[in-house]
Structure formats: structure tokens, C-alpha cells
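Here is how the chains run, residue by residue.
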Amino acid sequence: MSDSPTILEVEGLSKYFGGIKAIDNVDLDIRQGEIVALIGPNGAGKTTFFNCLTGIYKPTAGDIKLSDPRNGKSTRLNGKKPNKITEIGMARTFQNIRLFPTMSVLENVMIGRHCRTKSLIFGAITRNKATRIEEAQIIERSYEILKKVGLHRQVNEQARNLSYGAQRRLEIGRALATEPFLLLLDEPAAGMNPKETEALVALIREICAEGHSILLIEHDMKLVMTLSDRIFVMDYGKKIAQGTPVEVRENPAVIKAYLGEDVDA
Amino acid sequence: MFPVKELKRSALISLWFAFLTFPIMVIKVDPIERIVHWRWDNMFFIAFGSFVLSILAKVFMIQKERRASRKKRKIAAEPLIQRIAREPRFLYPLVVACFAFGVSFPFLFSTYQTNIMTTALMYVVLGLGLNIVVGVAGLLDLGYVAFYAVGAYSYALLNLNFDMGFWAVLPIGGLLAAFLGVILGFPVLRLRGDYLAIVTLGFGEIIRLVLENWNAFSQGPSGIANIPRPGFFGMEMTFAGGITYIYYIVLVLVVITIFVVNRLQNSRLGRAWLALREDEIACQAMGIDKTKTKLIAFSLGAFWAGFVGVLFAAKTTFVNPASFTFLESAIILSIVVLGGMGSIIGVIVGALILILLPEYLRALSEYRMLAFGAILVIMMVFKPEGIISNVRRSYKFKGTNTPEGEIHE
Ligand SMILES: Nc1ncnc2c1ncn2[C@@H]1O[C@H](COP(=O)(O)OP(=O)(O)O)[C@@H](O)[C@H]1O
Ligand SMILES: [Mg+2]
Numbered sequence: 000m001s002d003s004p005t006i007l008e009v010e011g012l013s014k015y016f017g018g019i020k021a022i023d024n025v026d027l028d029i030r031q032g033e034i035v036a037l038i039g040p041n042g043a044g045k046t047t048f049f050n051c052l053t054g055i056y057k058p059t060a061g062d063i064k065l066s067d068p069r070n071g072k073s074t075r076l077n078g079k080k081p082n083k084i085t086e087i088g089m090a091r092t093f094q095n096i097r098l099f100p101t102m103s104v105l106e107n108v109m110i111g112r113h114c115r116t117k118s119l120i121f122g123a124i125t126r127n128k129a130t131r132i133e134e135a136q137i138i139e140r141s142y143e144i145l146k147k148v149g150l151h152r153q154v155n156e157q158a159r160n161l162s163y164g165a166q167r168r169l170e171i172g173r174a175l176a177t178e179p180f181l182l183l184l185d186e187p188a189a190g191m192n193p194k195e196t197e198a199l200v201a202l203i204r205e206i207c208a209e210g211h212s213i214l215l216i217e218h219d220m221k222l223v224m225t226l227s228d229r230i231f232v233m234d235y236g237k238k239i240a241q242g243t244p245v246e247v248r249e250n251p252a253v254i255k256a257y258l259g260e261d262v263d264a
Numbered sequence: 000m001f002p003v004k005e006l007k008r009s010a011l012i013s014l015w016f017a018f019l020t021f022p023i024m025v026i027k028v029d030p031i032e033r034i035v036h037w038r039w040d041n042m043f044f045i046a047f048g049s050f051v052l053s054i055l056a057k058v059f060m061i062q063k064e065r066r067a068s069r070k071k072r073k074i075a076a077e078p079l080i081q082r083i084a085r086e087p088r089f090l091y092p093l094v095v096a097c098f099a100f101g102v103s104f105p106f107l108f109s110t111y112q113t114n115i116m117t118t119a120l121m122y123v124v125l126g127l128g129l130n131i132v133v134g135v136a137g138l139l140d141l142g143y144v145a146f147y148a149v150g151a152y153s154y155a156l157l158n159l160n161f162d163m164g165f166w167a168v169l170p171i172g173g174l175l176a177a178f179l180g181v182i183l184g185f186p187v188l189r190l191r192g193d194y195l196a197i198v199t200l201g202f203g204e205i206i207r208l209v210l211e212n213w214n215a216f217s218q219g220p221s222g223i224a225n226i227p228r229p230g231f232f233g234m235e236m237t238f239a240g241g242i243t244y245i246y247y248i249v250l251v252l253v254v255i256t257i258f259v260v261n262r263l264q265n266s267r268l269g270r271a272w273l274a275l276r277e278d279e280i281a282c283q284a285m286g287i288d289k290t291k292t293k294l295i296a297f298s299l300g301a302f303w304a305g306f307v308g309v310l311f312a313a314k315t316t317f318v319n320p321a322s323f324t325f326l327e328s329a330i331i332l333s334i335v336v337l338g339g340m341g342s343i344i345g346v347i348v349g350a351l352i353l354i355l356l357p358e359y360l361r362a363l364s365e366y367r368m369l370a371f372g373a374i375l376v377i378m379m380v381f382k383p384e385g386i387i388s389n390v391r392r393s394y395k396f397k398g399t400n401t402p403e404g405e406i407h408e
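From first to last, the protein sequence lines stand for chains C and Y.
Read in numbering that gives the first Met the number 0, the first sequence has 31 at position 32, and its numbers run on one by one without any break.
Read in numbering that gives the first Met the number 0, the second sequence has 21 at position 22, and its numbers run on one by one without any break.
Simulated from the structure, these hints should not be mistaken for laboratory data.
Check before you lean on any hint, since a few could be wrong.
Within a straight-line C-alpha distance of at most 20 Å, the following computed SDA-like cross-link-like pairs (lysine to any residue) qualify [stated by the list, open to error]:
id	chain 1	residue 1	chain 2	residue 2
1	C	Lys237	C	Asp62
2	Y	Lys289	C	Ile120
3	Y	Lys289	C	Ile55
4	C	Lys80	C	Ala60
5	Y	Lys7	Y	Ile45
6	Y	Lys7	Y	Met60
7	C	Lys237	C	Asp28
8	Y	Lys395	C	Arg140
9	C	Lys57	Y	Asp288
10	Y	Lys289	C	Gly78
11	Y	Lys63	Y	Pro2
12	C	Lys117	Y	Asn265
13	Y	Lys395	C	Arg131
14	C	Lys79	C	Thr46
15	Y	Lys395	C	Glu156
16	C	Lys128	Y	Phe258
17	C	Lys255	C	Thr243
18	Y	Lys395	C	Glu133
19	C	Lys117	Y	Asp288
20	Y	Lys291	Y	Val187
21	Y	Lys395	C	Gln136
22	Y	Lys289	C	Pro100
23	Y	Lys63	Y	Val51
24	C	Lys147	C	Gly210
25	C	Lys80	C	Ile55
Some chain C residues near chain Y, calculated using beta-carbon distances under 7 Å [unchecked claim]:
id	residue
26	Arg97
27	Gly111
28	Thr116
The beta carbon of each residue, even a glycine, is placed where N, CA and C say it ideally should be.
Sequences and hints are given; from them, build the entire structure.
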């Protein structure tokens, strides 16, 4: 893995909210094909880190560089709009699920195809051949993705009627529809039962095997330890450790952050 | 049984109403005799009426809640109208019947009726146009009438100054309105919800005030008269013939609008609008250009208003700023909200109800605004999704491998 190209390079990223240093000078890198986990106690700044990467927040300082492994083109993400960043090839899911609640399951995924298709007013009105072909492809691709995340039996169900675990999987499906080379998952297993979590682990492995690299925030330590190639640990906005699962597990700073002062416990 | 708490609440409501309406319903000053009539019986009726109404409303709500909780996990029964709309067997004959009725209308009814129907159909188009902006894309535009005014004045002024004909101005009016929509939309569409509503409201008033005060340009409050009706290859037409002719032009426009709006809604763009209405941040994270998508919705809506504006000027042969007050925006918005946000059939029904009812119930027309308000409040309480709610299109997939989108229109 160590010889694959770096696809995401974050240097000295900081984000302040007034006096709060939600992220304080954090470096992070991801190489092609890796599953990297970002862990840390609640309020450590993980979600804020995702929001800075995806352009929802403007970082106070730092550099974010994304390189497409498919063509080697690299782009500086600072100041780019969220939709541009998705177009370049980085998609995400949300910790507090943000589906389109009254749209159907299929349509939610079809929205993900938006940035890879282009018909506009003229195509919509005339419904010319190119538009019809494009629309059919959108439907076909979306259906395939739904099969992958196991929701193809509920295509016409409104997204808000899905179970919690299914909604999380739909978010992953929707993000996949944008054809990202890097997928950011914010607590994908939150609220899932053990069986659902197991299915999720299999799904993440499958997605990774298909060539997507993954950066994931997760509190479920078992999941993190089994899935990740490398782990970054944050606490109070600072990066306090990084390394393989084994290294991180034995790192005293990490144990301290998770268990407080009581290191022996 | 009906809870005592609710009875108390209803009693309080009736007291409050009696108190509020006291000055207008009870006291009546006779300025000639210089005496005051105390109409206590009115107060009694109001107190009693509001008491009964509030209990009825509560009973209705309780039942609705019960029904909703009973079939929580089950799929809600589809309303009749949607089942009809879904089934081509019923839908096509219905559409043909409506269309046949529309075409034969001028022959069946008087010129006066035809004229009223023309107005109603113009509001159908306006409603469908605003529906794109408010119903589908979720941008609360309270200044829609401004674009309507731009269309009307385009025809009036281009005709007055350059002697341009109706057919030449029709597309120009639409384009000018759309252009204005882009210019206004660019800075304004980054605002959300209430802020957008206030700014568009202000914009609508600005346009009206400009038309009212810039005498050299628009001839001020006196307006522009003697605007020619649309010509038909230079043929001379009787008054009644002219009205019938405009009726057909508007009817064709209605058909075109329904066709276009329906296709837009069921397209990549239409989906993006819906998604934008539901969650802006998720939308952007999915790669949708928020500004561009909103701008398209806003200017498309404006385009339609401009179009109808030209027709309006041609129909009335006279425009002045008084035709483009906020009231007009409010009526069009009521049509969309009442009919059902995002639903084409709903908007058509809403427009026909809101425009035709006051015309035929002349007695009611004085209380028109009161009735509007009451209807809207009642709708928001009992059926917030409108008369006919928008249903998402459903897809069928045959077998497991070959998806085949089934299109319901
Ligand atoms: N929009 C915001 N405005 C102000 N403070 C924020 C904002 N977003 C996050 N924060 C603060 O930043 C810190 C990190 O939050 P977050 O990134 O959500 O943590 P995590 O995802 O690791 O649990 C918290 O103290 C939080 O209160
Ligand atoms: Mg978080």
C-alpha cells in the first residue's frame, strides 16, 4: 500500500469558530486504495474536518490537495465550492443523516448522478434522444448501486420511511453515484445493530475492493480496528496520534484521550 | 369522550373572539340620531359560532390523528384523483374530455363567460409558472407580479414607441422577464426562506413604484391605453371575435405550459429542484450547483409571467401600475399553495377555484380577501399539502437485471 500514490494531502489545517479551535493544525494523508479511520472523542473536530474537506466550511488555515488517481491530476481544494469538490471526485455521507426525505429511494441515488450527466432545459422539454439515453443510464446505474447497498426492493419507497440502518446505506449509495475516488463516511455505523454493522463492514470492503479509497469517522472500535489500514486520532482539535491499528491501540496518548487520566484501567 | 380540557379551550376561544369582534359587531353608532346601538345578539352568535367551530375543528383533528396512527406502517391510501392520474385508461379520456370542453367553451357560453374563463386560464399559466419557483424549487417568491408587469409593459411600450405587434413582443416579453429574473436572482438567491421572501416582496413593489413614478417612461399612474389586440394576418375582428381569439391563444398557452412544466418536473433538472427544496447542503454535497439550479428555476418562472403579461396587456388593451400590486402576487401564490405545491393538476384546480368562484359568487366578492385568508388558514391546518398533493413518480424494474423506468405523466 505504501507505494500507491497519495490522493489526499492535508497540511496544517485549522478551523476556528470564534475562540474555539475546532481543528488546530492537523496533517493527514490518504493513499490510493486505503481505508483510513479518523477517530477521537465527541467534539474532537472530526465532523468539522470533513466539512472543511468538502467545502461546506472555509478553513481558517491550511492546505488541502486532492489528486485523482485515474488521471493523476491534482487540485487545491481551498475555496472551492462543495459541488465542485464532489465533481472532482470526493463524496461524503453525513453524521446526522441528510437524505431527501420525501423523494424516493431511487431518486435519492439519481440525484447523485447529477454531476456526471448534463441535460438541461432544452433536453428536458424536447426529451431528445441524447436525453432519453442519459436518463435511462441514470436509472440503470442508480438501480445497480441500490442492488449493491441492498435497497433495490425499496426503490419507490420514500427515503424517510426507511429504517435507520437502511438510510445510512442509502446515503452511501447516493455518494457512490457521484463516482468518487475518495469516499468520506461520517459515523456510518451509528445507530446500527450488530447484524447491520456486519453487513456494513462487508459493504465497505466491497466498495474499497472496487477501487474507492475511504476515509471514515467511527466510534465502533471493533469496526475501526478490523477495517482500517491506518488510523488518525484527534482530540480537542489536535491530531494526537497516527499509525496502524496496533500502533494506535498501544499509544499512551490515545488511551489517555479515551479513558481520561485513568491510564491503568 | 371529548376531553373537558378542550371544552375549556373552546370556551376561551369563543370569549376571545367575542372580545375581538366587539367593536365592529356589537357597537353600531348612528351618527344622525347620535345614539349607539348595542347589538348583543351579534355577540352571542359570534361566541356561540366560534365555540362550535373550534370544537368541530378539534374533533376533526383528533379523528385525523387517530386515522394517521392506525395506518402508520401501512402505505397511505391514494386519493382518488391520483389513482385516476396514474391510470392511463382513465387519464387519457379525462384529458381529452377536458380539452374538448376547453375548445368548445366559446361556443357553449356567452362572450362574457369566455372572457372570465380567459382570465382564469391566464392565472392557470401564472400559477404553473410560479409553481416551478415556489412549489418545486422551494423558493418563496412574493414579488412574482413584477415579472408579470414587465411582460405587460413590454408589449405596451414596445407597441407605443416602436409599433411592434403582439406576436413579435410575445417572446420578447417572456425573455425580458426572464432576463430580469436572472439579474435579480443572482444577488438574491443566496438568501434563504424568509429573507428571500422579503427581498422579492420589496422587488415587486419597486417595479410597481418605478412604473407609477417614472412618467416619461411609463406614463405613470394613468397607464397606457389603446393597446391593440393580437392580430390574425391583418384580419379585422369583431369585439366578440377578438375575445374568442384571445381565449384560444391562452388555451394553447395553457396546453404548452402544462406540457413543458410536466417534462421539466420529470427531468434531471426537476429532480435537482426538488432535492434543493428538501436539503440544500446535501444537494451541494451531491454535486449540484445550487446557484445555477435556483437561477434556472427563478428565471423560468419569470419567463412564464412575462409571457402572460403580454397576453394580459393585449386582452385588456390597457395597462397601469394598479394592476400589479402585491395583491396579485398573493393571489397567484394562494393558487399554488391551495392547489398543492408542485402538483400540476392541483395548481389548475386551485386557479379555477380561486378565480372563478369570486366571479360567480358576486355576493362573496366583497369578502374575497377575507375568504382567501380563511381558506388558506383552513388549508394549512387540515391539508397542508394542498388540494392535490404531488406524488413522486414510481419506477418498475422487470426481473433483476434490466431496469425499465415506467413513466407516469
Ligand atoms: N458551526 C459551528 N459553529 C460553532 N462551533 C462549531 C460549529 N461546528 C462545530 N463546532 C464546534 O467544533 C467542535 C468540534 O465539533 P465536531 O467536529 O462536530 O466534533 P466531532 O464530529 O468530532 O464529534 C465542537 O466543540 C463544536 O461545538
Ligand atoms: Mg461528528
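Against the structure, the hints come out as follows:
no. : hint                 : verdict
1   : C/Lys237 to C/Asp62  : holds (16 Å)
2   : Y/Lys289 to C/Ile120 : holds (16 Å)
3   : Y/Lys289 to C/Ile55  : holds (13 Å)
4   : C/Lys80 to C/Ala60   : holds (17 Å)
5   : Y/Lys7 to Y/Ile45    : holds (17 Å)
6   : Y/Lys7 to Y/Met60    : holds (17 Å)
7   : C/Lys237 to C/Asp28  : holds (15 Å)
8   : Y/Lys395 to C/Arg140 : holds (15 Å)
9   : C/Lys57 to Y/Asp288  : holds (17 Å)
10  : Y/Lys289 to C/Gly78  : holds (16 Å)
11  : Y/Lys63 to Y/Pro2    : holds (16 Å)
12  : C/Lys117 to Y/Asn265 : holds (15 Å)
13  : Y/Lys395 to C/Arg131 : holds (17 Å)
14  : C/Lys79 to C/Thr46   : holds (18 Å)
15  : Y/Lys395 to C/Glu156 : holds (12 Å)
16  : C/Lys128 to Y/Phe258 : holds (18 Å)
17  : C/Lys255 to C/Thr243 : holds (18 Å)
18  : Y/Lys395 to C/Glu133 : holds (18 Å)
19  : C/Lys117 to Y/Asp288 : holds (12 Å)
20  : Y/Lys291 to Y/Val187 : holds (12 Å)
21  : Y/Lys395 to C/Gln136 : holds (15 Å)
22  : Y/Lys289 to C/Pro100 : holds (18 Å)
23  : Y/Lys63 to Y/Val51   : holds (18 Å)
24  : C/Lys147 to C/Gly210 : holds (15 Å)
25  : C/Lys80 to C/Ile55   : holds (8 Å)
26  : Arg97                : holds (4 Å)
27  : Gly111               : holds (5 Å)
28  : Thr116               : holds (6 Å)
In this structure, every one of the numbered hints holds.
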